[in-house]
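Trainee: Required output: the full structure, derived from the provided sequences and hints.
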Amino acid sequence: MGMTRPAAFRFALAAPALIFTTACQQDAGAAPEYPAGEAGNVGQAMCLLGFTAVPLREVATGHHLVDATLNGRTASFVLDTGANVTAIDQERAEQFGLSAQPGGLRGMIAGGGTNATQVPIEGLSIGPVEIRQRSVVLAGLGQLLTALGQAAGEEVAGIIGQDVLAEHHAIIDVAQPMLYLS
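Residue 62 is where the sequence shown starts when you use the numbering used here, and the numbers rise one by one after that.
It should be emphasised that the hints constitute simulated quantities derived from the structure, not laboratory data.
Each residue gets a CB set at the ideal place from its N, CA and C atoms; glycine is no exception.
Computed beta-carbon distance windows for the label pairs:
1. L110 / T207: 36 to 42 angstroms
2. L109 / G133: 30 to 36 angstroms
3. A106 / S186: 22 to 28 angstroms
4. H124 / R193: 21 to 27 angstroms
5. N145 / D234: 20 to 26 angstroms
6. A236 / T130: 25 to 31 angstroms
7. T207 / T142: 18 to 24 angstroms
8. T130 / H230: 18 to 24 angstroms
Mentor: This is the structure:
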């Protein structure tokens with residue numbers, strides 16, 4: 062309407078890029094504004110609701126990996142919506158400065174029959190989001206993480222579980238792939 066066909070075509074090509082780049086990119090000031098009636102996307106909606114977008118990497122197995130920083134060291138972790146807790150392979154404990162505390166909470170990891178020990182952490186973040194929890198579980202996850210790492214072509218240090226995902230109201234957009242955390 063008033064736009065020539067070539068100009069409308071150029072706008073149609075540029076609009077998706079503009080929409081994608083504005084999703085969840087906020088200055089310290091006001092949240093971005095989207096015109097009423099503008100076709101939105103998941104990223105815009107999540108941004109307006111106060112969520113932070115964190116990119117995921119899809120593995121051929123269908124799993125998704127995310128970079129997380131534990132005690133100042135960054136590594137790849139698999140998102141596991143079926144895991145109750147966030148866990149680190151016990152063979153990687155030293156890499157993250159973790160050690161089992163005497164008298165610490167102990168248990169078993171379902172399906173693996175391996176011992177698990179809850180250990181305190183100094184800090185955990187996923188992308189720019191600081192995670193509030195102050196402990197993770199050390200467990201023998203070697204076979205699982207080795208197989209996943211081979212499929213991904215990179216090392217996988219642990220599992221981000223429901224404790225973190227629920228606490229930060231995680232939304233996973235599998236199509237993008239993107240993790241949104243509040």
